[in-house]
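There are 4 protein chains.
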Amino acid sequence: MSGNTFGTLFKITTWGESHGPAIGVVIDGCPAGIKITEKDIQKELDRRKPGQNKLTTQRKETDKVEILSGVFEGMTTGTPISLMVRNEDKKSKDYEKLQNLYRPGHADFTYDAKYGFRDHRGGGRASARETIGRVAAFAIAKKLIPKINITAKLIEPSLKEIETVKKQGDSIGGLIECTIKNIPAGLGSPVFDKLDARLAGAMLSIPAAKGFEIGSGFKSVHMMGSENNDEFVAKGKTKTNNAGGILGGISNGMDIVFRVAFKPTSSIAKKQSTIDNKGNKKTIEVRGRHDPCVALRAVPIVEAMATLVLTDEYLINKTIRNS
Amino acid sequence: MSGNTFGTLFKITTWGESHGPAIGVVIDGCPAGIKITEKDIQKELDRRKPGQNKLTTQRKETDKVEILSGVFEGMTTGTPISLMVRNEDKKSKDYEKLQNLYRPGHADFTYDAKYGFRDHRGGGRASARETIGRVAAFAIAKKLIPKINITAKLIEPSLKEIETVKKQGDSIGGLIECTIKNIPAGLGSPVFDKLDARLAGAMLSIPAAKGFEIGSGFKSVHMMGSENNDEFVAKGKTKTNNAGGILGGISNGMDIVFRVAFKPTSSIAKKQSTIDNKGNKKTIEVRGRHDPCVALRAVPIVEAMATLVLTDEYLINKTIRNS
Amino acid sequence: MSGNTFGTLFKITTWGESHGPAIGVVIDGCPAGIKITEKDIQKELDRRKPGQNKLTTQRKETDKVEILSGVFEGMTTGTPISLMVRNEDKKSKDYEKLQNLYRPGHADFTYDAKYGFRDHRGGGRASARETIGRVAAFAIAKKLIPKINITAKLIEPSLKEIETVKKQGDSIGGLIECTIKNIPAGLGSPVFDKLDARLAGAMLSIPAAKGFEIGSGFKSVHMMGSENNDEFVAKGKTKTNNAGGILGGISNGMDIVFRVAFKPTSSIAKKQSTIDNKGNKKTIEVRGRHDPCVALRAVPIVEAMATLVLTDEYLINKTIRNS
Amino acid sequence: MSGNTFGTLFKITTWGESHGPAIGVVIDGCPAGIKITEKDIQKELDRRKPGQNKLTTQRKETDKVEILSGVFEGMTTGTPISLMVRNEDKKSKDYEKLQNLYRPGHADFTYDAKYGFRDHRGGGRASARETIGRVAAFAIAKKLIPKINITAKLIEPSLKEIETVKKQGDSIGGLIECTIKNIPAGLGSPVFDKLDARLAGAMLSIPAAKGFEIGSGFKSVHMMGSENNDEFVAKGKTKTNNAGGILGGISNGMDIVFRVAFKPTSSIAKKQSTIDNKGNKKTIEVRGRHDPCVALRAVPIVEAMATLVLTDEYLINKTIRNS
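Chains A, B, C and D, in that order, are what the protein sequence lines are. Residue numbers for the first sequence follow this note's numbering, beginning at 1 and rising by one. Residue numbers for the second sequence follow this note's numbering, beginning at 1 and rising by one. Residue numbers for the third sequence follow this note's numbering, beginning at 1 and rising by one. Residue numbers for the fourth sequence follow this note's numbering, beginning at 1 and rising by one.
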């Protein structure tokens, strides 16, 4: 109801603020009998972690995951799986100076507008750290659909461009493409929960995402039907793939291909004008360690969200046909 | 669960196939005391109807709505509102020839793959007629948020371009822009139900939608943070509006501006190659009355879905603050 | 959200007031490929109908069901099934005199308190006619679990006792026992959705229900553990059945046996004191055709609700184990 | 979906096994601005704790709660509240001997039947320790409805009776009555989510609950309408209270009064016959510290669940009327 739960059968609820005691997720609906260890989850969290290369933030996050429930002797039991990561690197002093300022591009003002006040240390729930819970859940979800292959990559801008803007104390946007291979025809649901609608919603729930397109996407605006229609050559096979693998909200057996646009990181070293929470004009320089290209770190989150959607649809699909 | 329900508090469930006895919607969660008549709903349905101009299909749809429950003496009672439109123009003979063929760009194959068989008369649930229920629900939803102004329009292609492709027996895609004015800051939810995530999901649930972007959208991929960040000049007011009115999933008081890309109508008169449901190669010419630009008819659906999202968030918002 | 939907995977939404144009239900989540005709549904509605014997009301309800969607050539398609029954016997004049009075035992006052006003013709949504939608949905649900045998019967009072109170212009309560045979071990869910918790909620949702007990029920208050514990003699078999077929919310393979207590019909011919909607004292005599024992008519509703719970759990169960 | 979430707007998800690392709850939907400290929650947990008197188990549970998210400077922020209690007293050796045996009256067999295997240390999710999460959530929920007074008490059997069965190495059932005072008329929902239906479902979700009745309950089976109907004397006031404060699923302003029947504790020292997980006949003596009357410890859980239902309905009610 309040937006922290994703999925209908493979259901995850994330919790935790960037500068609170911990961050975590509860997964309800994971079938019993899946092999899972803290190591499996840790591997995915490590991949998500900043500081992986010189172009992501240097915030030292150890992010050690702890399995608190739902796994017994290395196997899921069918009961809720609770995963937690302690927040260890709480430099909230960096944020004290900012506590009454509304950072441009951030959710500071809107959280205040909605809730009346907010946890001003870091981004609170709007922080990228919230995605830790998603990635932890993903490490389990992917085990349910081992044959389906989901890969995301940054296709724009180049690493060189990112380096350039970093030197300028600025940031840049980015475009991620995700390809889902080996997906059977018939996954997805009609009308409001179309597979592409769910993917779009999942992708736009990632911090800084500003756009989603599938198959020929925005290009199809200028295409003609005779050009855009994908002719069937066999069941589950079309000559072209302008549909991006989905027709009527349901997978058609071709690769699912979609792209997600990310805005540039909102936190930049450059001086900006803004207001404080009384409405007074102020200037702001957001110091500290910031990613020059937030999209670079969003790559595993795109994979995680796509996997969560497909795992959920895989379970839903089990209930569809009578037998 | 099976994808036919939208919303959490203002909850609509649409039902009905294009060539079945009727199409309808049940609205649960509409507050009591809202004035509504069949005329109010009819007005919106008429606007949605094809045959409005020479560029939309000439299918004669009378589409008379009937209020079956939930309204007493012109007022909503707080109980479920059931609305029904009889299907009257059932030329299913047009479809008999097609019944074993998979039309390119349509959901024929994917419905077969999912359910094992399908109602082959018209598009079934994948038909644009399914949107009748959405528009009927919208006629009621908009009464709950009378101050918020939601307007969509086709910005590409031009009517002249559409006429040209029509003459060629072909179709063309389209781009719709939607602007939401007079929206208070603080609407929306964090994390998975971000207002932009919900809008993206809602828009991609519209038949033929292939992309969604908000604010600077895909353009932000190449923008720098210093350029893309909107500086606050007052509470609920920023100098630019690259965010498109939403920060961290919550409205910031600026206009919400988003665009939706639609593919060209899949049904075209031109001959195409395809297969039948045994996998044999066939050719197909989809005769009958088809829109040369499906986006033209999607304009009121975009408005309807945006309204349904905002009405739902308006009700959710009532539960947020303690008092 | 507003209480008119039941179930998570086999999900039904009922709509309609007793004296509005129609009553109906939308079923979402029914698998494709189930054989169903209007005749199948009509049979169950006829069984529910009043006027079946001299002890139920003589209201002439023809209650002809119409399948509006989701069934094609006699088979469910996997899309929402919309069922409707027109209200034909609208003697709302009987109710005009009562329109400002709060009938004792009825929901007149509480609906006013909740919604600000109400449809005062008959009971509105609180009428027993609302259960038509449940019974129609049940006719389909039972086809998904053909091996499970669900039977309810009135065990108290005797028909003779009912006849006696009828002659007195009064009414009497009743006790229904329901037995579910041939149920496999392992159905049900833990914690909040325990099978017995769901059955209790489902039963108390039936108009006039005042109590629920399973197995040894209220008698177990005075039993000792050594007496109440059911010893296992084989998998799915215990020596006694004080548990009533459910342990920890999950079926254990024994018959599920529960009882539901119903209060006497609230509408009685005898004169009663009450108030009107201004708070003035009044007397009331509820004329018309009323059941002397509402429990007699609740028997098929108890079966319907039990079936809806089990069908839902049957579908949920398909998603539990990994394979 | 998998039964570990309760509520629609004030939504709690409990997790954790009796002998796993921890037990906890995530609360989503709690409004911002509620004052809450770990002390407030600890107070309720301490009241729930066993070992409070000589008639409850002597298991030493320190049960220190930790607030992991959603509270900032002593106030709820509107984001998910994560609460955790570490399991400290893990005598799982006691259970090793039992690991292949199905304890009579317990969920050992049914969990095996459902999931294929189970965490055999203690009751896993079926343990009474699972209720820790409910009580922790209750400590917060009650702050949202400070004027409503909810009190449960054991009305049968007497403490003397309990002492007697304890000496015999046996256990006994119990009856709890709960009274809700100061509740406004108009709370609750129609049809499937009737307030009494929700209470019934909530109560039967408590381990060992076997029955629920409201107002005249099972007694009403033998009452006549003229006797059972409560005459209105003013708005929100009836002469008698056979309804138990609810009409048509909605509160009528009178006290809500219901009773819950609990079976005797299943774990008893006396020798019992059973089978192991291969189906072989065995005898069992469940040693260790067990409550002679589980109902005694269920008193705060009944209050907790009633509070969770009412808090949820209180939030739902905010969305009902248009204004």
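Keep in mind that the hints were calculated from the coordinates and are not lab data. A few of these clues could be false.
Copies of one chain are not kept apart here, so a pair can be met inside one copy or by any two copies together.
[What the hints assert, rightly or not] Computed cross-link-like contacts, DSS-like style, restricted to lysine-lysine with a CA-CA straight-line distance of at most 25 Å: (1) 271 - 239; (2) 64 - 239; (3) 318 - 143; (4) 235 - 166; (5) 166 - 64; (6) 35 - 278; (7) 147 - 318.
Since we're looking at a predicted model, the values are computed, not measured.
**Message:** Please list, smallest to largest, the hint numbers that this structure does not respect.
**Reply:** Structure breaks hints 2, 4, 5.
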